[in-house]
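**Student:** Just so you know, we're using the numbering used here here: the sequence shown kicks off at 263 and counts up by one.
Hints are computed from structural coordinates only; laboratory data are not their basis.
Just so we're clear, the structure is a prediction, and the values are computed from it rather than from any experiment.
Positions of the beta carbon are idealized from the N, C-alpha and C atoms, including for glycine.
Careful, some of the hints might be misleading.
What the hints assert, rightly or not - Cβ pair distances, simulated, as ranges: (1) Lys275 with Arg321: 36 to 42 Å; (2) Lys337 with Gly361: 17 to 23 Å; (3) Gly292 with Tyr378: 42 to 48 Å; (4) Lys360 with Arg306: 16 to 22 Å; (5) His398 with Arg321: 53 to 59 Å; (6) Glu382 with Cys436: 48 to 54 Å; (7) Arg293 with Lys408: 51 to 57 Å.
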Amino acid sequence: MGIDQSKRNKRRKTGGRRNVHIMKRKYNLGRPAANTKIGAKRVRPVRVRFGNTKWRALRLDHGNFAWPTERRAFKTKIISAVYNATNNEYVRTNTLTKGAIVLVDAAPFRLYYWKYYGLEVGRKKDDSDLSKRSPHARKRCEARAKDAKLEPALKEQFLTGRLLACVASRPGQCGVADGYILEGDELAFYKKKMEKKKKA
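With the sequences and hints as input, model every part of the structure.
**Tutor:** So this is what it looks like as structure tokens:
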């Protein structure tokens with residue numbers, strides 16, 4: 263029957279071998295891992311138990327990524343996988359899994375910041391010119407800009423045009439690679455981890 267999830271082929275806790283006296287069953291069926299790569303979108307439907315459908319993403323290059331502090335989400339390009347706690351091979355092969363840390367294009371987030379706050383991020387010099395906007399829109403932007411807070415670590419990333427993000431969905435199950443941008447302590451934690459791996 264093929265891949266099986268029953269664990270009958272595993273050794274006992276004591277290390278002894280098990281005698282398998284039961285044949286494989288359809289309800290213990292397993293399937294090969296999706297190993298979603300970065301590339302032009304390729305998603306396949308998989309008919310599963312009770313007639314349900316799973317969506318197996320074989321390749322993806324875009325995803326919806328949320329910016330938690332701004333409470334906004336944007337569709338953006340996934341550039342590469344940079345860290346995966348599960349396996350270093352996933353980084354080398356650019357494989358997308360849940361919990362993978364990826365680099366995404368910062369352009370949609372930069373554009374939002376400019377439209378909403380009237381502030382340029384990702385430029386060494388803030389040459390934001392609001393003169394083309396109506397007086398009403400200008401006033402609103404200026405009022406919002408007073409409360410705008412952008413942490414230095416994110417500002418640095420905006421200068422490179424890439425942001426670190428975490429994949430929160432399961433590409434092999436639901437066919438999308440959605441997630442959120444890393445900020446604060448979580449960003450510091452993963453940066454530390456990546457530096458450690460570079461040195462090793």
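**Student:** Look at each hint and say if it fits the structure.
**Tutor:** Verification of the supplied hints:
{"no.": "1", "hint": "Lys275 with Arg321: 36 to 42 Å", "in the structure": "40 Å, holds"}
{"no.": "2", "hint": "Lys337 with Gly361: 17 to 23 Å", "in the structure": "21 Å, holds"}
{"no.": "3", "hint": "Gly292 with Tyr378: 42 to 48 Å", "in the structure": "47 Å, holds"}
{"no.": "4", "hint": "Lys360 with Arg306: 16 to 22 Å", "in the structure": "18 Å, holds"}
{"no.": "5", "hint": "His398 with Arg321: 53 to 59 Å", "in the structure": "45 Å, violated"}
{"no.": "6", "hint": "Glu382 with Cys436: 48 to 54 Å", "in the structure": "36 Å, violated"}
{"no.": "7", "hint": "Arg293 with Lys408: 51 to 57 Å", "in the structure": "54 Å, holds"}
Of the numbered hints listed earlier, those contradicted by the structure are 5 and 6.
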